[in-house]
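There are 4 protein chains.
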Amino acid sequence: MRELGIGLIGTGFMGRAHALAFRNVSAAFELPVNLRLAALADADPQRGAECARAWGFTTAHSDWQRLIDDPAVHLVAITTPNHLHFPMAMAALAAGKAVYCEKPLAVSLEQAEHMHRAAQAAGVVTRVGYNYQHNPIIERARQMIRGGELGQIISFDGEFCEDFMADPAAPWSWRCEPSHAGGALADLGSHLLAMARFLIGDVQAVCADSQTVHGQRPAAAGSSERKAIVIDDHTQALLRFANGARGTFSSSWLKHGYKNHLSFEISGTLGTLSFDQERLNELRLCRAGREGFERILAGPTLPGYAAFSPAPGHQLGYNELKTLEVHELLMAVAGQGQAGTDFAEALAVERLAAAIRVAAREERWVQVETVQAKGR
Amino acid sequence: MRELGIGLIGTGFMGRAHALAFRNVSAAFELPVNLRLAALADADPQRGAECARAWGFTTAHSDWQRLIDDPAVHLVAITTPNHLHFPMAMAALAAGKAVYCEKPLAVSLEQAEHMHRAAQAAGVVTRVGYNYQHNPIIERARQMIRGGELGQIISFDGEFCEDFMADPAAPWSWRCEPSHAGGALADLGSHLLAMARFLIGDVQAVCADSQTVHGQRPAAAGSSERKAIVIDDHTQALLRFANGARGTFSSSWLKHGYKNHLSFEISGTLGTLSFDQERLNELRLCRAGREGFERILAGPTLPGYAAFSPAPGHQLGYNELKTLEVHELLMAVAGQGQAGTDFAEALAVERLAAAIRVAAREERWVQVETVQAKGR
Amino acid sequence: MRELGIGLIGTGFMGRAHALAFRNVSAAFELPVNLRLAALADADPQRGAECARAWGFTTAHSDWQRLIDDPAVHLVAITTPNHLHFPMAMAALAAGKAVYCEKPLAVSLEQAEHMHRAAQAAGVVTRVGYNYQHNPIIERARQMIRGGELGQIISFDGEFCEDFMADPAAPWSWRCEPSHAGGALADLGSHLLAMARFLIGDVQAVCADSQTVHGQRPAAAGSSERKAIVIDDHTQALLRFANGARGTFSSSWLKHGYKNHLSFEISGTLGTLSFDQERLNELRLCRAGREGFERILAGPTLPGYAAFSPAPGHQLGYNELKTLEVHELLMAVAGQGQAGTDFAEALAVERLAAAIRVAAREERWVQVETVQAKGR
Amino acid sequence: MRELGIGLIGTGFMGRAHALAFRNVSAAFELPVNLRLAALADADPQRGAECARAWGFTTAHSDWQRLIDDPAVHLVAITTPNHLHFPMAMAALAAGKAVYCEKPLAVSLEQAEHMHRAAQAAGVVTRVGYNYQHNPIIERARQMIRGGELGQIISFDGEFCEDFMADPAAPWSWRCEPSHAGGALADLGSHLLAMARFLIGDVQAVCADSQTVHGQRPAAAGSSERKAIVIDDHTQALLRFANGARGTFSSSWLKHGYKNHLSFEISGTLGTLSFDQERLNELRLCRAGREGFERILAGPTLPGYAAFSPAPGHQLGYNELKTLEVHELLMAVAGQGQAGTDFAEALAVERLAAAIRVAAREERWVQVETVQAKGR
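Protein chains in written order, with this note's numbering: chain A, 1 to 376; chain B, 1 to 376; chain C, 1 to 376; chain D, 1 to 376.
Some hints could be false.
Pairs of lysine to any residue, SDA-like flavour, derived with a Cα cap of 25 Å [said to hold, decoys possible]:
id: 1; chain 1: B; residue 1: K227; chain 2: A; residue 2: D167
id: 2; chain 1: B; residue 1: K227; chain 2: B; residue 2: R217
id: 3; chain 1: C; residue 1: K227; chain 2: D; residue 2: T269
id: 4; chain 1: B; residue 1: K227; chain 2: A; residue 2: H83
id: 5; chain 1: B; residue 1: K227; chain 2: B; residue 2: P178
id: 6; chain 1: C; residue 1: K227; chain 2: C; residue 2: A170
id: 7; chain 1: C; residue 1: K227; chain 2: C; residue 2: G289
id: 8; chain 1: D; residue 1: K227; chain 2: C; residue 2: T269
id: 9; chain 1: A; residue 1: K227; chain 2: B; residue 2: T269
id: 10; chain 1: A; residue 1: K227; chain 2: A; residue 2: G215
id: 11; chain 1: B; residue 1: K227; chain 2: B; residue 2: P168
id: 12; chain 1: D; residue 1: K227; chain 2: D; residue 2: P178
id: 13; chain 1: C; residue 1: K227; chain 2: D; residue 2: G151
id: 14; chain 1: B; residue 1: K227; chain 2: B; residue 2: T269
id: 15; chain 1: B; residue 1: K227; chain 2: A; residue 2: A288
id: 16; chain 1: B; residue 1: K227; chain 2: B; residue 2: Q216
id: 17; chain 1: D; residue 1: K227; chain 2: D; residue 2: T269
id: 18; chain 1: A; residue 1: K227; chain 2: A; residue 2: H83
id: 19; chain 1: C; residue 1: K227; chain 2: D; residue 2: G244
id: 20; chain 1: C; residue 1: K227; chain 2: D; residue 2: A169
id: 21; chain 1: D; residue 1: K227; chain 2: C; residue 2: K227
id: 22; chain 1: C; residue 1: K227; chain 2: D; residue 2: L270
id: 23; chain 1: A; residue 1: K227; chain 2: A; residue 2: D167
id: 24; chain 1: D; residue 1: K227; chain 2: C; residue 2: W172
id: 25; chain 1: C; residue 1: K227; chain 2: C; residue 2: R217
id: 26; chain 1: C; residue 1: K227; chain 2: C; residue 2: W172
id: 27; chain 1: D; residue 1: K227; chain 2: D; residue 2: D69
id: 28; chain 1: D; residue 1: K227; chain 2: D; residue 2: S179
Since the hints were made in silico from the structure, they are not lab data.
Predicted, not measured: the structure shown is a model, and the values here were computed from it.
Use the sequences and the hints to build the structure in full.
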């Protein structure tokens, strides 16, 4: 069995989530590769060493290029801030290594297009961390939709809102910078756009509206210095899918009471289905002819769930979605995967987000395919 | 105390709802008028006579013009099919009588404009039956919004969907005819547009999309003859309110599982509030600083509720919303009311719906005020 | 058609609820009697006269015995405080008149037994106001149970809790007096016991526990004088039904957050069904073989609902349950009814409540049928 | 730092859950010990070897006694069928090793008492797998209760029901045998009893009722041979806590629609709090003075949650509760823990369950402390 050395860049929230996932995946699944936690990179050598020990990585590098060059590393996982995705992924592709990059793919459509072309040229497996798609109950929803159980799809109404920026005293951060892919649309909305594509398919045209509600924020927590804010606090859009379905979209980080409300409702001629990431183990479904909505709890009839528990109602957590994402990635690397969320797909998500930006700025319907790199 | 004779036209669902409301209102409230159920009109003399007896009306007419001319009638309530609203209301206004007309005001923007001008000229009280506004818990929501409890309003996301046309075998009816104000937008959506205006205020601009999913339907139940359908099964829109708030709107009568899902969520800088007409005695509210959404049940601290029950959690029903609407009407007739949903306001709702139609047809943002009668 | 004159005693909350119901019933139903609102009694002549006028009663009496003796009165409706139910009902029965008495039937088991015997001797129709049973969706639940749709009934778990006495500063009232049928068990719990009997059938044996949490309360609102409280704030019980089903029961008026939470869940070999009076237009049902609970909204397929609305999801309110109760009463008076909640049934409810009191006091299982009048 | 070698017996559902937890715990926490996955035992040598490799254990034994004797093993984790808990734990204690045993502690009260005495004599750390207590939001509930935020506790109403035995064709298994601690009370209910003790405290007295609904089941799936069933399908009880609170308890494995419905509601003089294991990341809370119930989502202000995610609403899964349990165990082994669910506490749970059995059989209230080993 092929040996696969993992090189992980970054030790923050997402770094640890990746580390947990790579550790768990071999206990949860029979793997098609011989997985090695080869190397970890963090600019701070001490932190790198500590995390490597705690998480079971063989080596720690303080220079990420050294990790990429490390011959024990066959797959590079990138969990650094958004603006570093581009140089790291390009270097890894240049080194002919598989790349697993956190979302968003890049901080501009131009970067994303470059990365996609480089990935095509390199011919390696790439994946981008749209982990919510790996929820087994989402996979079931997708199969229902693709298999016709909901009939012709009429509409997809989606919303992703949280409240972590609702307080006007919440300070400026890189999430407020366009150059770092900040804003509610990029930070939250892109997850929902990826989900819409995953479940329904291509979006052809969009019309949109954005607003910045809090035009300035403290430069830092508690600071009296104010920084001007130009990114969107709230964006909404109408969507036209290639298959004829229509959709509404909204994304906000100002909505009190929501913590992770990636939610949608899909209406088809044979049923209605809804989901809320805040209750990630549930679907709500009403089939034609039934009296009302039925609550469906995830259980071991879903393969991804069965990998973790033989009993329904026991519930998976966020980190297990990440483990399922890693499993899909490893299957792909072993040549046993299916089409996944690779750089091509992540570029399509970025292009859709860019089209929404253009539509909002120019106050008109925009054909998604016409949006090119300079669109941002 | 002034005597007020009620003349009711129509004995269908809405006719009976009006009759129940006029009967209940004097038991629930101290009225500023001496209410008389003077006359009922139905084209079928036998049905008219039976309903008049059962519902307590003094006289029955088979010709509605006779009811309008009846000197015992001071207020004309119109519950007939939509295309009859115009001639009946115009006749009542010409006779100088107050008019209480079911929604929609008319079947064209042109008619609605005429009716509004006639009402202004007549100088009488007019009301249109957007009864969902008369829910005491909606009144509370409005006071919260108007009083600043939610802070600056960021968004209004509303949906009105039902499933009564979801079955493609559901036959053609007048609701499928543009000439009778058919379609999901006019039939359902107008309630939601009226609610959006009631709670948030004027809408300045809209962008929209409509679709007809079932392009033909049986000419009658079980018939093999098919009629082509051109009205919308589903319409969605983006809204820009005059106060800067943004909104999404959707309306569908094809959505399995919903029976009366007029729902909305309002996001403000100080809180989030949501409502669903299928649970009309509840609000869901998260104030800034609270951990999550709180469920609020209607109770007797709300004046309209106290008129019916001294105990919270006992719940009002649809017919009591109608009774509250009638009470507001009677207060207005007695000169003790506030601004209500009169013909001017109903015209504004029609203009907004017309703007959505134009925006969908012409695939562009439309300024609502620019839409004139020929817009339809 | 027989003329039926109604005499209503009491003008409080329940008096008005009765008045509204008697007014509504003829608009909602074709009645088998010619209903007349003959007389109203209130000890305060002015209030009696005002209410009679507002509610449409022909006459007002300040002496309730005069109302009972009034030859225009054929049915006596009793809505006075609990301790007056006995003398009023006994007088009405002595006069050979039908009696519609609010719950509880009486303030002691001894009284209740006397009233039952007097009703049997008089041979008139009697009804007691357990109005929650007249909810159309409860009638559907009952038919499901009786028709075997849930299979063999395994358990009935019921709870009726509110929070109106949760504040220790809530003052003493007659509801705190055993001699007035006070306490959480009598005031709230008896509704739930009546519901358990209505849906499942006779209870054979009970075991129970009661507690008084707030042993004294202000003598009046804001008073510094304290009165000792001996009735139960909270009572819980185990139930054994004659058909083999088991049950848990609890009743509290100290439970923060609940306003009218008469709720139950019934488990059968073919399904689980649950209900909450705070959402009175809904059932939650999971049939064997289904994935999860389905929400069922009341609609016009339920006859009692159709009397008020032709559209599902529009919802009935509390007062309409009362109207349905009055309709059932009038059908019974006309000889067209079925077995209803008459004095015999209300006595059975009282006996069951008394058995729970004995079981709690004596800390043992009690056979319900062995509890006789001195049991309290 | 002390080295701690883990020996895990069993490779079924619970074996894997333990393995995942031991693997995850060092990535999620800074540990006070140097954790080694020393040995795995499974009677089937091939399965043992495979699982050891996949899960990262150094050695595999086919004889569990060898694992206990292995000097590299300092802590023995027991995940075998219930009837093996006793011999394995006794052997591990005899060897002076810490023991982490799955629930129930034993299959008889006599065994449990022996195990408790042996643990006391050995002076080692013991833990029993009542993992639901390790939910961070449950820890918060406990702190609220213990800290007085809910005031004086009035009631604890708990239910644990599932539907995995609801189908009468579900075959006999060891879960149907009293000698293997089968039945709804032992299998499910004991989790709820442990939770009641964890949150509220000692139970002094109980009254109870049990029923076997399906008196026989197929001997195996699809078999026409029938085996008689004597254990309980459904048990309910009244509880009296030492602190004066009262409670209802029920447990069923026949309740259609439920998958893991360990749920409870706690009423206190200052608030009501409820929880459902099927939505393990949520509490529902109504504080005195608030209008209604608030939904609280788990987030990183809860230490156990923060170990896995820095963002609220992302949700923990069942396996992470197990990891938290293992963390608490490791802290205890390192002498840094607090009182946990050791053999003494697990014995108290068993005694409480035994008291419920006695109360049901003898149809009387039973003082829990009087129940000794022969009680079963």
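For this session: Just pull the numbers of the violated hints for me, sorted ascending.
Result: Hints 1, 4, 7, 14, 17, 20, 21, 24, 27 not satisfied by this model.
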